[in-house]
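K.L.:
Here the protein sequences come in this chain order: F and L. Everything in the first sequence is counted per this note's numbering, starting at 300 for the first residue and increasing by one. Everything in the second sequence is counted per this note's numbering, starting at 307 for the first residue and increasing by one.
Hint data in this document are derived by calculation from the structure and do not stem from the laboratory. We put the CB at the ideal spot given by N, CA and C, even for glycine. Check before you lean on any hint, since a few could be wrong.
To be clear about the criterion: a stretch of chain F counts as covered by chain L if any three or more of its residues have a C-beta under 8 Å from a C-beta of chain L, and this derived list gives those stretches [unchecked claim]:
(1) 312 to 325
(2) 374 to 385
(3) 439 to 445
Which bits of chain F does chain L cover? Going by a derived footprint, with three or more residues having C-beta under 8 Å, they are [stated by the list, open to error]:
(4) 474 to 483
(5) 623 to 631
Here's a subset of chain F near chain L, in silico, CB distances under 7 Å, partners left out [what the hints assert, rightly or not]:
(6) Leu400
(7) Val486
(8) Leu555
(9) Leu558
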Amino acid sequence: MSLLFFIVRRLALLVPTLVGVSVIGFLLTYLLPGNPALVKAGPMATPQYVAEMKHRMGLDQPLYVQYARYVTGLVHGDLGESSSTGRPVLTDFIQRLPATLELTVASLLLAVLLGVPMGVLSAVHRDTIIDHFGRVFSVAGVAMPSFWTGLILIYVFFYLLGIAPAPLGRLGPAISPPVPITGLYTVDSLISGNWHAFESSLAHLALPSLTLAISVMAPLARMVRAGMLEILETDYIKAAWAFGLPRRRVIYGDALRNLVVPVVTALGVVFGFLMAGNAVVESVFGWPGIGNYAVKALTLKDSGPIQSFVLFVALMCILVNLLVDLVYSVVDPRIRIG
Amino acid sequence: MTTEIAGAVYADSRAAPETAFVSFRRRLLRNKLSFVAICAIVLLVVIAVLAPLIAPFDPNEPDANAVLQRPSWAHVLGTDDYGRDELSRIIIASRVDLLVPFVSTLLALLIGSLIGSLSGFRGGWVDQIVMRIVDAVMAFPAFVLAMGLTAAIGSSITNLILVIAVTQVPVYLRQLRAEMLREREMEYARAAQTIGNPTWRIVFIHLFPNCFPPLIVQATLAMGFALLTFAALSYIGLGIQPPNSEWGEMISEGASLMVTGQWWLSLFPGIAILVTVLIFNLVGDGLRDLLDPRMRSQ
Numbered sequence: 300m301s302l303l304f305f306i307v308r309r310l311a312l313l314v315p316t317l318v319g320v321s322v323i324g325f326l327l328t329y330l331l332p333g334n335p336a337l338v339k340a341g342p343m344a345t346p347q348y349v350a351e352m353k354h355r356m357g358l359d360q361p362l363y364v365q366y367a368r369y370v371t372g373l374v375h376g377d378l379g380e381s382s383s384t385g386r387p388v389l390t391d392f393i394q395r396l397p398a399t400l401e402l403t404v405a406s407l408l409l410a411v412l413l414g415v416p417m418g419v420l421s422a423v424h425r426d427t428i429i430d431h432f433g434r435v436f437s438v439a440g441v442a443m444p445s446f447w448t449g450l451i452l453i454y455v456f457f458y459l460l461g462i463a464p465a466p467l468g469r470l471g472p473a474i475s476p477p478v479p480i481t482g483l484y485t486v487d488s489l490i491s492g493n494w495h496a497f498e499s500s501l502a503h504l505a506l507p508s509l510t511l512a513i514s515v516m517a518p519l520a521r522m523v524r525a526g527m528l529e530i531l532e533t534d535y536i537k538a539a540w541a542f543g544l545p546r547r548r549v550i551y552g553d554a555l556r557n558l559v560v561p562v563v564t565a566l567g568v569v570f571g572f573l574m575a576g577n578a579v580v581e582s583v584f585g586w587p588g589i590g591n592y593a594v595k596a597l598t599l600k601d602s603g604p605i606q607s608f609v610l611f612v613a614l615m616c617i618l619v620n621l622l623v624d625l626v627y628s629v630v631d632p633r634i635r636i637g
Numbered sequence: 307m308t309t310e311i312a313g314a315v316y317a318d319s320r321a322a323p324e325t326a327f328v329s330f331r332r333r334l335l336r337n338k339l340s341f342v343a344i345c346a347i348v349l350l351v352v353i354a355v356l357a358p359l360i361a362p363f364d365p366n367e368p369d370a371n372a373v374l375q376r377p378s379w380a381h382v383l384g385t386d387d388y389g390r391d392e393l394s395r396i397i398i399a400s401r402v403d404l405l406v407p408f409v410s411t412l413l414a415l416l417i418g419s420l421i422g423s424l425s426g427f428r429g430g431w432v433d434q435i436v437m438r439i440v441d442a443v444m445a446f447p448a449f450v451l452a453m454g455l456t457a458a459i460g461s462s463i464t465n466l467i468l469v470i471a472v473t474q475v476p477v478y479l480r481q482l483r484a485e486m487l488r489e490r491e492m493e494y495a496r497a498a499q500t501i502g503n504p505t506w507r508i509v510f511i512h513l514f515p516n517c518f519p520p521l522i523v524q525a526t527l528a529m530g531f532a533l534l535t536f537a538a539l540s541y542i543g544l545g546i547q548p549p550n551s552e553w554g555e556m557i558s559e560g561a562s563l564m565v566t567g568q569w570w571l572s573l574f575p576g577i578a579i580l581v582t583v584l585i586f587n588l589v590g591d592g593l594r595d596l597l598d599p600r601m602r603s604q
């Protein structure tokens, strides 16, 4: 099967999933409390005005018509309005997205830098003290609620040691944000040479990204370990041993190269955990991202941000899984046959 | 004795495959751990059932003379900003924190295996539709979907159980469907069909028992995950509402006091969650070793 055909087929498989996801998203908007017509009409509106608003917004139409309008709106980037900020959800989202992106990328990097070597070492030194330590960590790591880990880190590094800044956002109170280029404060301040802002943004990023990284490192290390063990059992590695190639070359040359596929798989799985953890961890650290925005909307009974966040996260996960499959098909041509 | 000698002989050659002795020792160690974990579950259930008798104080009774006290002999785990005893609140909360994960997992297991086995056995367009729905639900990370659904239908205990169950159904459904697809091609399944058994009988009496063991392992592991989801929902204000206590809700109440140094309010409920999830996972791993020898090496 050619690469092109594989990609086309993979994209076609996306259609039913997207339809399903949009139906679930629509049901959420339909079920969430807070009658949008009532919200739009304002608290002083007469029942007649509310009814008229309902009619104008199409809320008196049959369900399938409402669904069609909902999907048309989505395609045009209409995520509804937020009753608490009084702005379109999309505008609020775009403003908060860089913060979430920065946190997600930082924690993913941290998790990969710590989790992958841990999994590899565990597999290479199987049943030794290194492996036992790794296993204890991964068993405990998946059992820790991420919001709790975050609070413990805050207590230790902010209250006790005083080396972390207060868990309130992305920058210190007296520091103005760097010139927006990418929206990621650490990158922007680095590009513009604003060392003050760079230092502050990095310090603020440290604890939340570590919290998220800890929560996904355990499953990551576990999957990498299993993948590495499988590779070490293959014939070509056995052949390499039999040829008497040096240990370092066999493990860190031959075996590690084939670890790309299990690591990419693991990253796809872990990304979902990361997106779910975002909502909670952002609210622990007052991080001004979309997760925090959605959690704040919960207490205000503001349905727009909640349903948009749920939908957005699902779309991100679908996109990442698509990317994972595409990377597969390039790295490992055998998969295209399956 | 002989196994021990064999073990000693191979012990120093690293490249040798795992010997019977090493494997036995490892399994024994793991099973010992799972045995301890099973005892711990029983203990947890006993604590939950007898909670009002065990709790040293009334968990919801404020005490103006004992506000924000550090752990001491009088209040072993300290008191919160209303002077309520932390230990008593954690003990009382064990009821809801065991009940919700258990019932929601059971519900998900029931629904998932019912739909999954029929869908897998029948195949065809029904199966296709079911699988597309499953794909759509699985596109959402479990916690995020649970958050949206709870916000939509409200956070009573029944709703929380339902929501957590819904996010778990696809896992069992997929697994059972896969087992069914394999199982229905077996000779005994064909034989049962040939002598004219009705479909429900083949599916639930003949095939289902053979598909079930891996599902139990999955369910035990999922119980821990369900508790984490439940606690996180309560943490962001969607689950159990104060003054009723729940571990995630207790962590949330203590969160703002963490920056002023009152560490005990969030620390102990978190440890309760950690230990409970750990126990479920250990039992799950132990069951996997016992029921599914294929997974043993992992």
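K.L.:
Now tell me, hint by hint, if it's right for this structure.
P.N.:
How the hints compare with the structure:
With 7 residues bearing a CB less than 8 Å from a CB of chain L, the stretch 312 to 325 of chain F meets the requirement of three and the coverage assertion stands. With 0 residues carrying a beta carbon less than 8 Å from a beta carbon of chain L, the stretch 374 to 385 of chain F misses the three-residue requirement, and the given coverage is violated. Here the stretch 439 to 445 of chain F counts 6 residues with a CB under 8 Å from a CB of chain L, which clears the bar of 3, and the coverage holds. Residues of the stretch 474 to 483 of chain F lying with their CB closer than 8 Å to a CB of chain L number 0, which falls below the three-residue condition for coverage.
Chain L is given as covering the stretch 623 to 631 of chain F, and this is violated because 0 residues of the stretch bring a CB closer than 8 Å to a CB of that chain, at least three being needed. A distance limit of 7 Å between C-beta atoms decides the matter here; for Leu400 of chain F the minimum to chain L is near 17 Å, and the interface restraint is violated. Contact between Val486 of chain F and chain L, as hinted, is not supported at the beta carbon level, the nearest pair being about 26 Å apart and thus beyond 7 Å. Nearest Cβ of chain L to the Cβ of Leu555 of chain F: about 19 Å, over the 7 Å cut. The hint is violated.
With its C-beta approaching chain L no nearer than about 17 Å, Leu558 of chain F sits outside the 7 Å limit, and its interface hint is violated.
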